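S.K.: Use the sequences and the hints to build the structure in full.
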Amino acid sequence: MGTISLKNISKSFGSTQVLKNLNVDIKDGEFLTLVGPSGCGKSTLLRIIAGLEQQTSGDVLIDDKVVNKIRASERDLAMVFQSYALYPHLTVRRNLETPLRLRDYNSFERLPLIGNFSPNKKNKTESINQLVNKTSETLKISELLDRKPGQLSGGQRQRVALGRAMVREPVAFLMDEPLSNLDAALRVHMRSELSELHNSLKTTFVYVTHDQAEALTMSSRMAVMIDGNLLQLDTPQEVYDNPASLSVAQFVGSPKINIFNGSSDSSGTVSILNLNLKRKSSETNLELSIGIRPEHLEITNQSDENTFSATVAYRENLGSDIFFHVNTEDGMNRIIVRGIPQFTNEISNGSKVNIKRASDKALLFNKEGKRVQFNNA
Amino acid sequence: MQTKEYIGESWKHGILIVGAILVLLPFYMMVSMSLKSQQEIQSISGGLIGAQEVQTFPVCVKTGYSEETCTTKPYIYNYWFAFEKAPIPRYLMNGVIVTFSIFIIQVLVALPCAYALAKLRFYGREFVFSMVLFCLLIPVHGIALPLYIMLAQAGLVDTYSALILPWTISVFGIFLMRQFFMTVPDELIDAARMDGMGEYSIVWKVMLPTAIPALLAFAIFSVVAHWNDYFWPRMVITGNRDLFTPPLGIREFRGGIDSDEFGPMMASIVTVTVPLIVAFIIAQKRFIEGITLTGMK
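If you read the protein sequences in the order shown, they are chains A and B. For reference, each letter of the first sequence is one residue, going 1 to 377 in the working numbering. For reference, each letter of the second sequence is one residue, going 378 to 674 in the working numbering.
Hints in this document: simulated from the structure, not taken from any laboratory. These numbers were taken from a predicted model, which means no experiment stands behind them. The beta carbon of each residue, even a glycine, is placed where N, CA and C say it ideally should be. Any given hint could be a false lead.
[To be verified] Here are the in silico distance ranges between beta carbons for each label pair:
#1 549(B) with 114(A): 31 to 37 angstroms
#2 503(B) with 193(A): 42 to 48 angstroms
#3 453(B) with 143(A): 55 to 61 angstroms
#4 396(B) with 106(A): 33 to 39 angstroms
#5 186(A) with 657(B): 18 to 24 angstroms
[Said to hold, decoys possible] Covered by chain A, according to a simulated footprint, are these stretches of chain B (three or more residues, beta-carbon under 8 angstroms):
#6 559-571
#7 582-588
M.R.: Right under this line is the structure:
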């Protein structure tokens, strides 16, 4: 079992409120990502779950038990830190053993020398060794056990930090941006490894990141947090396709979603630039922000009532895709369009292009950033 | 161009060499005088080690040793007579007992204090820390008399406690370790808490091992200061020769039976200085290596 519930959690540092009345239910075995820009309070929330920080108000429940007053070490959670936080003076083996020694040995058995006289210590040491060996085989760090953290590469330290969390077989893993100190290639690789690890352990993971790509690739559900508020909690696909607000739409997705200014008339017809959308807005006579993701815009040769023209300002070639940053003719919007290399290779900076949008993909937001639905959508 | 650079480099080295000579000259004099005879010392002759002629030393004879014992080479006589005249091993042992007791208690006090000041949030922390800084400004000599009176009232004059107790709380140590602990990432402490360590375990099992380089630096300050201290032992050790620390012991050679005898005096000073120098040559390597925090990032 490993369910975690947060009920009306608020946290203030002095007069600044960093978490505003959050409610989250994390299911057993779920990979939940807390994602948001820096300073949104996601790490604080994780530390509150861990018991390293005390919430100002609200309850934390682990397996339906209120743990507000229970110390971090007794909550049976394991945490992986951004800087790995390995003990620099201990070998990898001792780093992995430490949480087990503290949990399994009693205070007499932890004493140097005379602790060895305790009759049970031998059995306990045996089982600790087994756990350490098992974990290090799972993570392929067996050959590193006698080294110190200073002699390891970033990726190896990452594994050791994971190992130190795993040996305890906790009810849930808490991870605070564990991949952000790795280089780009290794980070992508570790993403898949973490997902596989989660599949094989079937333990609850709570994962904090500012990288929306990590959230989208790994999580079963993601919680988007901005400025201490929980804006949306849903599956990655749902958050991407159906963002609840403008800030969520802008935060999730890379490159960023394009936002156009537009409006709806009395019949609910939405107009942007020179185009009218087929679907009708549920709210009429409204100033709107219309979001269209770069992959839903396309460069075409035709020019008809579904296209608008623009000038290429900058061309960003990623190999598999080319992203064109274009200025619309009225000069009001700078937008990003995805192009497929084989069709758009010749287009260079400064050329004029026609842009067509894919139908049924636009998202409407009102001026407060709230989502506006289409009629019968 | 090349020669110009050489000249530019050489004058820097020139200044450094002059500085080094100025610093090392007293040590050279000390070693040299500990090897030479009284006549050579007074006439400033004989170079580093003197002629080493076998001779009979009058002070020795006056002290009551046989003429045969007192007839030997100067360097043998100087060191032999230094150890004969004063119980130097006893003084050295006192020095070791006092400096190490002071250092160990200082660490026992300073580490938890520094940890609390650097890493724990509590009401009044900044005030306490400013008090620590304020205490750095109080000169030892200013509070020597009240301290002495307190020790006297407690009946502790002429004991090891009098030598050790007043120095056990080192504000400098607290300050130095606090500054070092500020650089230790909070995450390391959080990790230890998650693993189930209490705050005291964190201090001794996590902070202490990472702080070895800073602790060695502090050890140098502390041990040198208290090994060489003359002022305080002179005040609180009034009669009992068994409690003399090395600097007090050297005083034994001042104003001998008929005159100051520099040879044995310098020999005793060399004996007192050598343990420190050896200790630092050994510690130097550890000092540079240290346990770096590279395992952290």
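S.K.: Each hint needs a verdict: does it hold in this structure or not?
M.R.: Checked hints:
{"no.": "1", "hint": "549(B) with 114(A): 31 to 37 angstroms", "verdict": "36 angstroms, holds"}
{"no.": "2", "hint": "503(B) with 193(A): 42 to 48 angstroms", "verdict": "45 angstroms, holds"}
{"no.": "3", "hint": "453(B) with 143(A): 55 to 61 angstroms", "verdict": "60 angstroms, holds"}
{"no.": "4", "hint": "396(B) with 106(A): 33 to 39 angstroms", "verdict": "59 angstroms, violated"}
{"no.": "5", "hint": "186(A) with 657(B): 18 to 24 angstroms", "verdict": "43 angstroms, violated"}
{"no.": "6", "hint": "559-571", "verdict": "holds (count 8)"}
{"no.": "7", "hint": "582-588", "verdict": "holds (count 3)"}
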